[in-house]
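Student: Line order of the protein sequences matches chains A and U.
Under my numbering, the final residue of the first sequence carries the number 116; numbering is consecutive throughout.
Under my numbering, the final residue of the second sequence carries the number 326; numbering is consecutive throughout.
If you're looking for bench data, these hints aren't it; they were derived computationally from the structure.
From a predicted model like this one, the values you see are computed outputs, not experimental measurements.
Using N, Cα and C, we set each Cβ at its ideal position, and we do this for glycine too.
Wrong hints could be hidden among the right ones.
Simulated coverage check for chain A against chain U, where a stretch passes if three residues somewhere in it have a Cβ under 8 angstroms from a Cβ of chain U [to be verified]:
| no. | region |
| --- | --- |
| 1 | 63-76 |
| 2 | 105-116 |
Not everything, but these chain U residues come out facing chain A in the computed CB check (under 10 angstroms) [claimed, not checked]:
| no. | residue |
| --- | --- |
| 3 | Q251 |
| 4 | A262 |
| 5 | F302 |
| 6 | L314 |
| 7 | I315 |
| 8 | F316 |
These are the residues of each chain, in order.
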Amino acid sequence: EAQVTQNPRYLITVTGKKLTVTCSQNMNHEYMSWYRQDPGLGLRQIYYSMNVEVTDKGDVPEGYKVSRKEKRNFPLILESPSPNQTSLYFCASSRDRWSGANVLTFGAGSRLTVL
Amino acid sequence: GQQLNQSPQSMFIQEGEDVSMNCTSSSIFNTWLWYKQDPGEGPVLLIALYKAGELTSNGRLTAQFGITRKDSFLNISASIPSDVGIYFCAGLSNQAGTALIFGKGTTLSVSS
Chain A
2 EAQVTQNPRY LITVTGKKLT VTCSQNMNHE YMSWYRQDPG LGLRQIYYSM
52 NVEVTDKGDV PEGYKVSRKE KRNFPLILES PSPNQTSLYF CASSRDRWSG
102 ANVLTFGAGS RLTVL
Chain U
215 GQQLNQSPQS MFIQEGEDVS MNCTSSSIFN TWLWYKQDPG EGPVLLIALY
265 KAGELTSNGR LTAQFGITRK DSFLNISASI PSDVGIYFCA GLSNQAGTAL
315 IFGKGTTLSV SS
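Excised from the complex, chain A in its bound form (with noise of 0.2 angstroms):
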């Protein structure tokens, strides 16, 4: 089943405690990318990845970290996490960026609390 898988499901850690959100897609995706979701807010992207080792920060990239070493996986690190980091985090991949067929498949989302 092609799907994008996103792990732990549910976090909760204190301030400082550095810790990584792991996501993986099995559709040979070239785009990746991470949101937080926040009430009122919306879907806010935080960083993105056009391929391999290649990637770029979206609208609110302070405070994480991402890395591309592989085309398959794209983890968010947060090295000293905060409690405004406290969200729902959707990691989401596409074919590419630009075709037609450029349509998001998100996770089922990573609730994350800083205490």
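Take the given structure of chain A and dock chain U to it, following the hints.
Tutor: Showing chain U alone in chain A's frame:
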């Protein structure tokens, strides 16, 4: 930067009613997408639109790509309880350096 204005922000309707929501932008888009997010899940694509004026249906859902390329509409006919969720529009331009832009979502509640 580019922004999408999605309205209404929320809707409370009775089962069987029709629903309309829309997205507008000051920028031109070449692709419009409509997603639905069920509680506790990620957004799932409902309808994709690639051509100005295009009208596409998916069951009880119908979406249109506005002729000006600056807006899109989603209609749901004869709503049922499982239509509950958050509906997002998203637009993409071919302008270099731009990403898929999302509206803030319309939260739909359906009472039976």
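Student: If a hint holds in the structure, say so; if it does not, say that too.
Tutor: Status of each hint after checking the structure:
1. 63-76: violated (count 0)
2. 105-116: Holds: 6 residues of the region 105-116 of chain A have a Cβ under 8 angstroms from chain U.
3. Q251: holds (8 angstroms)
4. A262: holds (6 angstroms)
5. F302: holds (7 angstroms)
6. L314: Hint on U/L314: holds, closest Cβ of chain A at ~6 angstroms, below 10 angstroms.
7. I315: With Cβ-Cβ at 9 angstroms, under 10 angstroms, it holds.
8. F316: holds (4 angstroms)
Comparing the model with each earlier hint shows a violation of hint 1 alone; every other hint is respected.
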